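Protein chains in written order, with the numbering used here: chain G, 152 to 547; chain V, 1391 to 1563.
No lab work stands behind these hints: they were computed from the structure. Where hints are given, some of them may not hold.
Under the rule of at most 27 Å between Cα atoms (straight-line distance), these lysine-lysine pairs were calculated in the DSS-like manner [unchecked claim]:
#1 K516/G to K1396/V
#2 K1396/V to K384/G
#3 K1520/V to K1540/V
#4 K176/G to K1396/V
#5 K1520/V to K291/G
Keep in mind that this is a model prediction, so the values were computed, not measured.
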Amino acid sequence: MGMRKVAVVGAGMTKFVRRALETGKELSWQAASQALNSCEMSLDDIQAVCMGTAPDAFDGIHMKAEYLSDGAGAWGKPYMRSYVGGGTGVFSAIQGWYHVASGLFDTCLVVCEEKMSSYFPHAQGAFLTIFDHTTERPLKPNLLWIFALEMNRYMQTYGISKADIARVAVKNKRNAADHPSALLGDPTITVEDVLNSEVLAWPVSRLDVSPVSDGAVAVVLASEEVAKRVTDKPVWIQGVGWALDTSYWANRDLAYPRYVERAARMAYEMAGVTEPRKQVHIVEPYDPFDYKELHHLEGLLLADRGQAPQLAADGVLDRDGNMPSCPSGGLLGVGNPIAAAGLMKIAELFWQLRAEAGARQVPGKPERGLAQAWGDLMQVGTVVIMGTNQGEERLK
Amino acid sequence: MTVEMKRIPGTALSEKDIESGVVLSVQDQLDARYAWDTGVGIGAYLAGLKRGEILGSYCPTDDLTVVPPRVVCEWCYRPMDSYVRLQDTGRVNTFSLCYVTWDVQRIEEPEIPAVIEIDGASPLHGILHKLGEVRPEDVRVGMRVQAVWKPPHEREGAITDILYFKPIAETER
Chain G
152 MGMRKVAVVG AGMTKFVRRA LETGKELSWQ AASQALNSCE MSLDDIQAVC MGTAPDAFDG
212 IHMKAEYLSD GAGAWGKPYM RSYVGGGTGV FSAIQGWYHV ASGLFDTCLV VCEEKMSSYF
272 PHAQGAFLTI FDHTTERPLK PNLLWIFALE MNRYMQTYGI SKADIARVAV KNKRNAADHP
332 SALLGDPTIT VEDVLNSEVL AWPVSRLDVS PVSDGAVAVV LASEEVAKRV TDKPVWIQGV
392 GWALDTSYWA NRDLAYPRYV ERAARMAYEM AGVTEPRKQV HIVEPYDPFD YKELHHLEGL
452 LLADRGQAPQ LAADGVLDRD GNMPSCPSGG LLGVGNPIAA AGLMKIAELF WQLRAEAGAR
512 QVPGKPERGL AQAWGDLMQV GTVVIMGTNQ GEERLK
Chain V
1391 MTVEMKRIPG TALSEKDIES GVVLSVQDQL DARYAWDTGV GIGAYLAGLK RGEILGSYCP
1451 TDDLTVVPPR VVCEWCYRPM DSYVRLQDTG RVNTFSLCYV TWDVQRIEEP EIPAVIEIDG
1511 ASPLHGILHK LGEVRPEDVR VGMRVQAVWK PPHEREGAIT DILYFKPIAE TER
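Using the sequences provided together with the hints, build the complete structure.
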């Protein structure tokens, strides 16, 4: 398709914490400098910078990307911010990819930052404005409604129980216990703990939800020529996809994320993946709520509709299962500094595919992974497929 | 995080760090005010609500009736200028029992937000509203409901002209 091959060659990450001493600029710099150090590059080697960060309302700073620019290493370089809600972290990697794949740049630093603690009493306040100002906001909705409504529809459509879904929270919080950056790792949590946690908006309980967090993640992308020079273990971006569904969210099927399917099909085609359930060895689906991981596995065509809970019950999604899902610990366990959380999934695949994930390492020398995020008003899907080789279709 | 990395940046703070003044912070409050124009499609919707009617719009190309009405079909991108009066009854597509406010303060009696598929609109086409005159434990997906309107003289052309939707018998239209 006339695109150049692009590899991830470095990654860095701060701790994800409830409230960080460091500012957003400082977190950005910490993650970015770690990413550069990891591939022995300096800012002089970087030709363009992409920044992913959530709405200005979180920080109370208009033109937040400009505010963050020195921390992101952007001065004097082509610099661009993207924002597609929760989908941002994975989308910013796609944006970095097309900067390099297009031939415009040989290197691109992608930085995702979120500091959700500045907004008080609760960062959810910044989300209230996603509802339509005329037809919905007079009803005084809160953000939990939209997830609770979707979760209930998913449960009712397929006869799924809260316990079926709680297994995902347990798996991810247990996985996160092995992640040194994690906010909510818990090696002993049980399904009963999740079910007994306080009901926020039934069917959503407290432990079904990922935590508000501060943190940053960065990755370095490079063209084939640069990648082969700087590392002997490049991780190739084999395919990317993204798609948007209707913003009239009450006018679509809440039980199935067709926008994720569209994004996935685009990425599978680009990567030459014809049998995703066999060819994707690790998956990092977006898990701000436990049901979302299952919902997304179905949209990614990695499970039949309504059948993802069975995979969780059978241990298929465990780190040593046949299709490890969120071996990082995901947003539920590592934390959810929105844009940074999505890019964390890309970084996790990078470390997993290089066999550098330590205690989190998925066994069996995985060769291909998929990261996915979701956002906007519940209707954007963003997908990146990465592998230890360059992929098939793109060579033609 | 990689095994190659020995030190992980990022410093967690607690409330105590702030309260004790060990870590300084600055506070501010933004006062942003807006007046949103309703536009053409939603303007018609609101005028309909004031009359006690729920309007949708119909796309002959896709044979879709959507609600609220809009001026363009998002699927075929053709104009969608014929408004259709829908019923003020429908079916609960999904619901929640919400026990917290937006800033996670507990509320005793849950609010019951729901997506209600409106009779006369295409399948799975609904609106966000709330349920009332029903005990939380009795709400079901698929339940038939009807709008409870404000008295005509109190309506102002807003989604809140419908107070809530209440359950009705399965056969009632």
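Here's how the hints hold up against the structure:
1. K516/G to K1396/V: Given that 27 Å is the threshold and the Cα spacing comes to 23 Å, the pair holds.
2. K1396/V to K384/G: This hinted pair holds, its Cα atoms lying about 20 Å apart.
3. K1520/V to K1540/V: Holds - the C-alpha atoms of K1540/V and K1520/V are around 14 Å apart, at most 27 Å.
4. K176/G to K1396/V: holds (22 Å)
5. K1520/V to K291/G: Between K1520/V and K291/G the Cα gap is close to 10 Å, so the pair holds against 27 Å.
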